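Hey, can you work out the whole structure from these sequences and the hints?
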Amino acid sequence: MTPPSGSHIAFLNYPAHGHVNPTLPVAAELVRRGHRVSYVVAEQYADAVRATGATVLPYESHVPKSWDTVAIPEKITGDVVAEAGLAQALEGFAPLRTALGAFEGDRPDVFLYDAFGYPTGRLLARKWEIPALLMCSTFVANEKFSPYASMAGKVPAPDPAHPALAKAASVVGDVLAEHLPGTSAAEFAEAREDTKLVFLPREFQPGGDTFDDGFAFVGPCLGDRAGGWTPPDDRPVLLIAMGSFGYHHQREFFASCLEAFAGTPWHVVMTIGRLVSPADLGPVPPNFALHPWVPQPAVLSRASGFVSHAGMGSTMESLALGVPPVVVPRTLEQEIVADRLAELGLGVRVDPDAVDAGSLLNAVTGLAEDAGAHERVARMREHITDAGGAAAAADRVEARLTA
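Mapping the sequence shown onto the numbering used here, position 8 (from 1) lands on 9, and the numbers just tick up by one.
Please keep in mind that the hints were generated in silico from the structure rather than gathered at the bench. The structure displayed is predicted, hence computed values, not measured ones. Where a beta carbon is used, it is the ideal one built from N, C-alpha and C, also for glycine. A hint or two may mislead.
Here are the computed distance ranges between Cβ atoms for each label pair [what the hints assert, rightly or not]: (1) PRO284 to GLU105: 28 to 38 Å; (2) GLY229 to ALA162: 48 to 58 Å; (3) ASP107 to PRO284: 55 to 65 Å.
Okay, structure coming up:
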């Protein structure tokens, strides 16, 4: 059945680059196909969403407008876990007023919402009995396999009486009582969506062959972000980019990078965030270009090397563009991604506790000379192409419109 032209499709997302970026080409593709797309998003991402042709519905977010100042906890404690749960509950329902105001009299035909920032989208989809797709920007789990099982022993359980947990339960309970009476928090947390859009290829997902067709592994969606940057000369380009938050706390790492690659044949492009000045790092070698931020896929498309934090978005961008990464994971989730890269022979992991100039130089040099790794990345790049990207994602959205 041909999907109806001009269907109303609503996106809701968690306000972080790794969650928003993969969805933008999907929104643009749906607009291109003649659908009317509304996107509920935090103000700081409004311009990027507007460029897709979608209608922007900004909401007042609880997360920082810039992640530069957000430090990664040195140790995960029960308090950290409890506070994170409260923060997720508050942010999850932060778009609710905006979404209700926009959609009460203009119901979407289908909802798409993020697996981490799902509450508002799932609430309205169930309240109004509207089809929905879950968008997953990292590894997924099923009843047979979970890549996150290894995290269980590393994440302490918070005190059940922790006030943050009580507040989170109150937030969720109050919203459910008003909009989905009779639904428990446990029932609401169940991911019952028939289709999950997963922004990585099945071949990169641990246990990928155990997931049924309800998991649409469409791969990374880069859109037109992989062009528009030109290197200054013919030297090989090395990009160093450690994600979108916590830059203010990485000066020692930046210093190690300057020491490692000074005087090497690399032209090094390094992002340092908006709160660190090049002057804070001392003399900058002439083969370095320091920036607060760069259009990462555009630089990667011309790069031969990449040092990253093993965020899934950056990892998928590097593999889609054929660049084996050296990864220095900074969170438990990034450790899982880093381990998967190493397991598949697609990159090199450097333990964050062992990072220094020598370990970085050895890892980058060794990977650049590893023909086997480049061959394996080339094969993964083919899997990414075959996954279909934004067009495949749009196909699955249209399939829900006609289901």
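Okay, the hints, checked on the actual structure:
no.	hint	in the structure
1	PRO284 to GLU105: 28 to 38 Å	59 Å, violated
2	GLY229 to ALA162: 48 to 58 Å	53 Å, holds
3	ASP107 to PRO284: 55 to 65 Å	58 Å, holds
Checked against the numbered hints above, the structure breaks only hint 1 and satisfies the rest.
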